[in-house]
Each structure stands twice: as C-alpha cells, then as structure tokens.
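**Q** Residues per chain, in single letters:
Protein chains: 2
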Amino acid sequence: MPRAPKLTPNERAAALADLGGWKQAENRDAIARTFRFDGFGAAFGFMTRVALKAEAMDHHPEWRNVYDKVEVVLTTHDAGGLTRLDVEMAAFMDATAAATGHRE
Amino acid sequence: MPRAPKLTPNERAAALADLGGWKQAENRDAIARTFRFDGFGAAFGFMTRVALKAEAMDHHPEWRNVYDKVEVVLTTHDAGGLTRLDVEMAAFMDATAAATGHRE
Chain A
1 MPRAPKLTPN ERAAALADLG GWKQAENRDA IARTFRFDGF GAAFGFMTRV ALKAEAMDHH
61 PEWRNVYDKV EVVLTTHDAG GLTRLDVEMA AFMDATAAAT GHRE
Chain B
1001 MPRAPKLTPN ERAAALADLG GWKQAENRDA IARTFRFDGF GAAFGFMTRV ALKAEAMDHH
1061 PEWRNVYDKV EVVLTTHDAG GLTRLDVEMA AFMDATAAAT GHRE
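Residue numbers (the working numbering), protein chains in the order written: chain A, 1 to 104; chain B, 1001 to 1104.
It is possible that some hints are incorrect.
[What the hints assert, rightly or not] With a Cα cut of at most 27 Å, we get these calculated DSSO-like pairs of lysine-lysine:
id: 1; chain 1: A; residue 1: 23; chain 2: A; residue 2: 69
id: 2; chain 1: B; residue 1: 1053; chain 2: A; residue 2: 69
id: 3; chain 1: A; residue 1: 23; chain 2: B; residue 2: 1069
id: 4; chain 1: A; residue 1: 69; chain 2: B; residue 2: 1023
id: 5; chain 1: A; residue 1: 69; chain 2: B; residue 2: 1006
id: 6; chain 1: B; residue 1: 1053; chain 2: A; residue 2: 53
id: 7; chain 1: B; residue 1: 1069; chain 2: A; residue 2: 6
It should be emphasised that the hints constitute simulated quantities derived from the structure, not laboratory data.
Please put together the full structure from these sequences, using the hints given.
**A** In structure tokens, the structure reads:
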C-alpha cells in the first residue's frame, strides 16, 4: 500500500497552480522543473541539501545534472503518480534553490 | 583552445580497453557507464566524492540519478569529444565506486 494516495484532479490542479515553476511531465503522471545555478558548485550544493531532505522523507527525485543545470522529475513510484510527497518535495526544492541563489 | 586535445582513434581504443565497464555513448564522441549502489545514500555518497574531484579538475560529468542508480556520460565539451580528462575521470569513478561498494 502506498504511503500517500494519488492526488485527485482538483488537488493536482491546485498544487500545480501553487508551484509556479513546475509543469506536468510529458507522458507521465509526474511534474518537472529545470533549475539553473551560478556554476557547478552551487548546483551540487543545492543537490546535496535536497539529498538530505530526500533521505529524511524517504522520497527521492529523478534528476539530471550538467554543470550549472539540474533537471528534476518528481513522482511517487509506489503510488503510480503524483502525491502530496511530490508537492512537499517540489516546495522544498523551490525554497532551497531560492536560498542557494539559483538563476532560473 | 581546449585544455586537452581529442584522443586519436588508437588512444581512444586503448582507453576503452583499459576502462572495462565503459562503453561508447550513442551518437556522441563520449563514453557512458551506469553504476548501481546499495540505496540512495551510497549512490549520493559516490556522487559527492566525484563532485569534489570534478571541481578540483574543473571537469564535470553529465549524470542522472534515480535512487540507487547513477548514469554517467563523459566528454570534454570544449574539445568537442573524448580527451584524457574523461579517461582520468572515468578511472576515478571506477575506483570510487569500488570503494563505495557499488553493486554493478
């Protein structure tokens, strides 16, 4: 049994409206955002803070890093789609990126 | 001017023979390997050690992480292809993964 149920269509719409920078991922029940930082050190600093949070939540992102860019996809694998865990992680990433001085 | 010249075909063949777990990336002058670890903590521990090395070398991987898996592509962007920097980084990753207890 998943730890969190999939969001209803209304809950999903409300969550995406609150999370300004995130969009629906293509062909998946998931959300995606690309962050860009002031170099690799800032990008990996962001990833390190998020990694600690991910372990604490036991909820981990799919992510790709190339130098100053971090591409993130969030979904809840054991629920087969988007849950409140993804919304919580997305909000944490937004706050952490803002605190780390991301550029976009 | 790039910091390191592209490898010659002979140098490339010799390097790939030495780096057992790496293969030619598809449609790019690059090499690729997927590492799998005993959970996210081990995978991100590996990435952290590699990140410090990458900053010291000023030579950074393209990589994607999903839980216990780290997919890596190495190439030298300013040389437009594979150089000794990629071979050095690949060897460092292999040694670090071995020391971090990777599973494959």
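**Q** Would the hint linking residue 23 of chain A and residue 1069 of chain B be met if the CA-CA limit is 27 Å?
**A** Holds. Residue 23 of chain A to residue 1069 of chain B sits at ~25 Å (cutoff 27 Å).
**Q** Hey, residue 23 of chain A versus residue 69 of chain A, does the alpha-carbon distance stay inside 27 Å?
**A** holds (17 Å)
**Q** Is residue 69 of chain A close enough to residue 1023 of chain B, meaning Cα to Cα at most 27 Å?
**A** holds (25 Å)
**Q** Holds or violated: are the alpha carbons of residue 1069 of chain B and residue 6 of chain A at most 27 Å from each other?
**A** Within the cut-off at roughly 25 Å; holds.
**Q** Would the hint linking residue 1053 of chain B and residue 53 of chain A be met if the CA-CA limit is 27 Å?
**A** OK: residue 1053 of chain B and residue 53 of chain A at ~24 Å, within 27 Å.
**Q** For the pair we were handed, residue 1053 of chain B and residue 69 of chain A, check the Cα-Cα distance against 27 Å.
**A** holds (18 Å)
**Q** Tell me if the straight-line CA distance from residue 69 of chain A to residue 1006 of chain B falls inside 27 Å.
**A** It holds: about 25 Å lies between the C-alpha atoms, which stays within 27 Å.
Hint compliance for this structure: no hint is broken.
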